[in-house]
Amino acid sequence: MDLPMPTEPAPLSTLPRSVPAPRRAAPARRVRTPGWPRLRAVLLGTLSIAIFLALWQAASATHLDFFLSFDNIPAPSDVAVRAMAIVLSPAFVGDVITSCERVYFGFAIAALLAVPTGLVIGRYKVAHELIFPLCELLRPVPAIAWVPISIMLWPTDWESIVFITFLGAFFPILLNTLYGVQRIDPVLVLAARSLGASEGAIFREVYLPGALPAIFAGLAVGMGVGWVSVIAAEMISGQSGIGYFTWQAYSLIQYSDIVLGMVAIGLLGLVSSAIIRGIGRAAMPWLPAL
Amino acid sequence: MSRTKGLVEIDHFGLDYISDGQATEAVDDVSISVRPGEFVSIVGPSGCGKSTLLNAVAGFRAPTRGRVRVDGEEVRGPGADRGMVFQQYSLFPWKTVRQNVEFGLKMKGIGVDERERMARTLLALAGLIGFEDQYPDRLSGGMKQRVGIVRALATGPKVLLLDEPFGALDAQTRVIMQQILTNIWQRLRLSVLFVTHDIDEAIFLSDRVYVMTARPGRLKAEFAVTLPRPRDPDGMQEPGFLALRRELAGLIREESLRAMGGELAGGLDGLDVMLGDGSLADVL
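Sequence lines, in order, name chains A and B. FYI, the numbering for the first sequence is 1 to 290, going by the working numbering. FYI, the numbering for the second sequence is 1001 to 1284, going by the working numbering.
It is worth saying that the hints were derived from the structure and are not from the lab. In this text the structure is predicted, and so the values were computed from the model without any measurement. Mixed in with the good hints, there may be bad ones.
[Stated by the list, open to error] Within a straight-line C-alpha distance of at most 30 Å, the following computed DSBU-like cross-link-like pairs (lysine-lysine) qualify:
id, chain 1, residue 1, chain 2, residue 2
1, B, Lys1106, A, Lys125
2, B, Lys1158, B, Lys1108
3, B, Lys1106, B, Lys1158
4, A, Lys125, B, Lys1095
5, B, Lys1106, B, Lys1095
6, A, Lys125, B, Lys1108
7, B, Lys1158, B, Lys1095
8, B, Lys1095, B, Lys1108
9, B, Lys1005, B, Lys1106
Construct the entire structure; sequences and hints are all you get.
See the structure below:
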């Protein structure tokens, strides 16, 4: 990428000899209602989404085939019609619930293991030396790459997919917790000790709350990776779930369902991260509202 | 409460830093004492190890040589019998003012109601009523440090240790904080060991002032401040105060220059004349 060239300072001779007189104060601008910036943001956001959908609709309706082929791509209107028909059907709802179960279960186990592990290896050098190299060995392997092994390891489909989700969520949570502990001001630990805090109390009162912002950042990332993992695992090996639904739609030439599945996955991810953010805000009232 | 407590004895204290396998002498053979109920300051150029001494009394650092005792008992680690106030406030950001102040009491296992009652008394003493439920981030520096002082006092320590507590505050706030600290000290009658590089502050607050040399830190001088109490900030213009200030400033300037190396000190002799009395230390 080209970076803009730094501009040369103007030669002295071209600089004005005297400072120009300050401009007269600008006349008072029309006073806007306080809600305007917010309203403008909503309007502009809606506008770009509407343009996106309109272009898509036009491309599909005209079967646009110029480099990209929209021949088989369903139009937004087709997807909407299809959504009305099946979104509340037991099969679709069942797939959504199955995927949610897998993600939340895998994520919960990941959080319950990764947060304490992160706290301990952040606090104790020996624990760090013992556990961290193993983590660094396993971490670069994407959760999806575990699919074949996972199928062999676990008795059922459900367990193997939960395991994949767990793996995806575990490392971001662990690393963020570790980072959160490491960046706690050591003077706060001294302060706690000089006020009579025991080792256990320091964990509870200093390390855990001190690392909490980083932990929640890790939980948000972990939830995102958890969704990626569950969808991929369901597409590869599942017999149910929203990822399976989406892939199955492709196999069955139900093209509207593909998009419907994608939209559902997006919304589920959005809701999940909103839940984590909400819990985070409630758990950390001392942080300034974002 | 018994007022015979709070005797701090630092005996032939020495401390070496080990870095890259090399031991560097940071503090050498310092003996300092704080009598029960006394207000004692340590002043010296930066890096002279005055904070190290304080940390040793707090129990954060074990001496390489010598002993540190409080009421005859050897210091073996941090404890709530010695309250510590840090330069950067070091309040727990995730706790409200009240929760910060109650922390030491909570660690002692004191019940919620009793905790709240004790915290309220102390918060009132420091003029913090109305801010109990605020988080530290929303307070000014002066208020944060009042919370820091009150937090350290809540467990009823025998000794209060303060490490350049007002160094980050503006001049006006600092004067007010010094008065608040004096008030609290006079009411609670506990021993105070106060580290600062501000000579006026040391004289204004203390019964005795120790001056330390540049690295390795040794004891250079000890002054008794006999100015009558209660002291007034306006008293800083009076001859007794100024004479003491001049003497202390001279000693510290000597050490600051020494800390910068002999040649530089020589080179600055001319400057000293140009700048006149007392001002070089300020410029530096």
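Hint-by-hint comparison with the structure:
1. With a CA separation close to 28 Å, the supplied pair Lys1106 (chain B) and Lys125 (chain A) stays within the 30 Å bound.
2. Restraint check: the Cα-Cα separation between Lys1158 (chain B) and Lys1108 (chain B) comes to about 16 Å, which is no more than 30 Å; the hinted pair holds.
3. Of the pairs offered as hints, the one joining Lys1106 (chain B) and Lys1158 (chain B) holds, with about 18 Å between alpha carbons and a cut-off of 30 Å not exceeded.
4. Among the hinted pairs, Lys125 (chain A) with Lys1095 (chain B) is consistent with the structure: their alpha-carbon atoms are about 28 Å apart, no more than 30 Å.
5. For the given pair, Lys1106 (chain B) sits about 13 Å from Lys1095 (chain B) by alpha-carbon distance, which is consistent with the 30 Å threshold.
6. Of the pairs offered as hints, the one joining Lys125 (chain A) and Lys1108 (chain B) holds, with about 29 Å between alpha carbons and a cut-off of 30 Å not exceeded.
7. A distance of roughly 25 Å separates the Cα atoms of Lys1158 (chain B) and Lys1095 (chain B); the hinted pair therefore holds under the 30 Å criterion.
8. Annotation: proposed proximity of Lys1095 (chain B) to Lys1108 (chain B) holds, straight-line Cα distance about 17 Å (limit 30 Å).
9. Simply put, Lys1005 (chain B) and Lys1106 (chain B) have alpha-carbon atoms about 23 Å apart, close enough for the 30 Å limit, and the pair holds.
Violated hints for the displayed structure: none, as all numbered hints are satisfied.
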